[in-house]
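Asker: Sequence:
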Amino acid sequence: QVQLVEFGGGLVQPGGSLGLSCVASRIMFSSYTMNWYRQVPGKQRELVTTITSGGSTNYADSVKGRFTISRDNAKSTVYLQMDSLKPEDTAVYYCNAHWSTLDYWGKGTLVTISS
Numbered sequence: 002q003v004q005l006v007e008f009g010g011g012l013v014q015p016g017g018s019l020g021l022s023c024v025a026s027r028i029m030f031s032s033y034t035m036n037w038y039r040q041v042p043g044k045q046r047e048l049v050t051t052i053t054s055g056g057s058t059n060y061a062d063s064v065k066g067r068f069t070i071s072r073d074n075a076k077s078t079v080y081l082q083m084d085s086l087k088p089e090d091t092a093v094y095y096c097n098a099h100w101s102t103l104d105y106w107g108k109g110t111l112v113t114i115s116s
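Residue numbers (this note's numbering): 2 to 116.
These are computed hints drawn from the structure, not numbers from a lab. There may be inaccurate statements among the hints.
[Said to hold, decoys possible] Taking lysine to aspartate or glutamate pairs in the DMTMM-like style, the calculated list, with each CA pair at most 20 Å apart, reads:
#1 K87 - D62
#2 K65 - E89
#3 K76 - D62
#4 K108 - D62
#5 K44 - D62
#6 K65 - D84
#7 K87 - E47
#8 K44 - E89
[Stated by the list, open to error] DEER-style ranges, computed between Cβ atoms:
#9 T58 - K87: 31 to 41 Å
#10 G66 - T91: 26 to 36 Å
#11 N74 - S115: 19 to 29 Å
#12 Q2 - S31: 12 to 22 Å
#13 Q4 - G56: 36 to 46 Å
#14 G16 - A75: 32 to 42 Å
#15 S116 - I28: 19 to 29 Å
#16 G9 - A61: 12 to 22 Å
#17 I28 - S85: 26 to 36 Å
Glycine included, each C-beta is placed from N, C-alpha and C at the ideal position.
Take the sequences, apply the hints, and build the full model.
Answerer: Okay, here's the thing in structure tokens:
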């Protein structure tokens with residue numbers, strides 16, 4: 002069955018950096034648009050960033066200039082580099098793979114920004 006597994010969450014001080022990765026299995030990874038979402042308890046899940054199969058990227062205004070998404074199709078992995086982190090970046094971060102009518106989700110990884 003299809004699996005997306007996120008790695009790299011944790012506790013970071015404000016202003017710090019953290020890298021997340023998401024490894025996909027049993028999908029034709031290179032064909033999928035890959036997304037990172039985040040969710041704070043009691044709020045809707047929000048789209049943070051996207052990378053298409055062709056490598057085009059898009060970012061939410063709240064993270065533009067601080068976060069960088071990338072992908073390695075040979076490793077079926079998508080990355081999220083997060084710099085200049087703020088307390089409001091605290092959330093559970095989810096990896097999503099999207100192609101046509103198909104959507105797959107990871108279980109999420111918690112990122113906490115606190116001093």
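Asker: It remains to establish, for every hint, whether it holds in the given structure.
Answerer: For each hint, the structure was consulted:
no.	hint	in the structure
1	K87 - D62	14 Å, holds
2	K65 - E89	14 Å, holds
3	K76 - D62	29 Å, violated
4	K108 - D62	25 Å, violated
5	K44 - D62	18 Å, holds
6	K65 - D84	10 Å, holds
7	K87 - E47	16 Å, holds
8	K44 - E89	13 Å, holds
9	T58 - K87: 31 to 41 Å	20 Å, violated
10	G66 - T91: 26 to 36 Å	19 Å, violated
11	N74 - S115: 19 to 29 Å	35 Å, violated
12	Q2 - S31: 12 to 22 Å	19 Å, holds
13	Q4 - G56: 36 to 46 Å	23 Å, violated
14	G16 - A75: 32 to 42 Å	33 Å, holds
15	S116 - I28: 19 to 29 Å	39 Å, violated
16	G9 - A61: 12 to 22 Å	19 Å, holds
17	I28 - S85: 26 to 36 Å	32 Å, holds
Taken one by one, the earlier hints fail for this structure at numbers 3, 4, 9, 10, 11, 13, 15, listed in ascending order.
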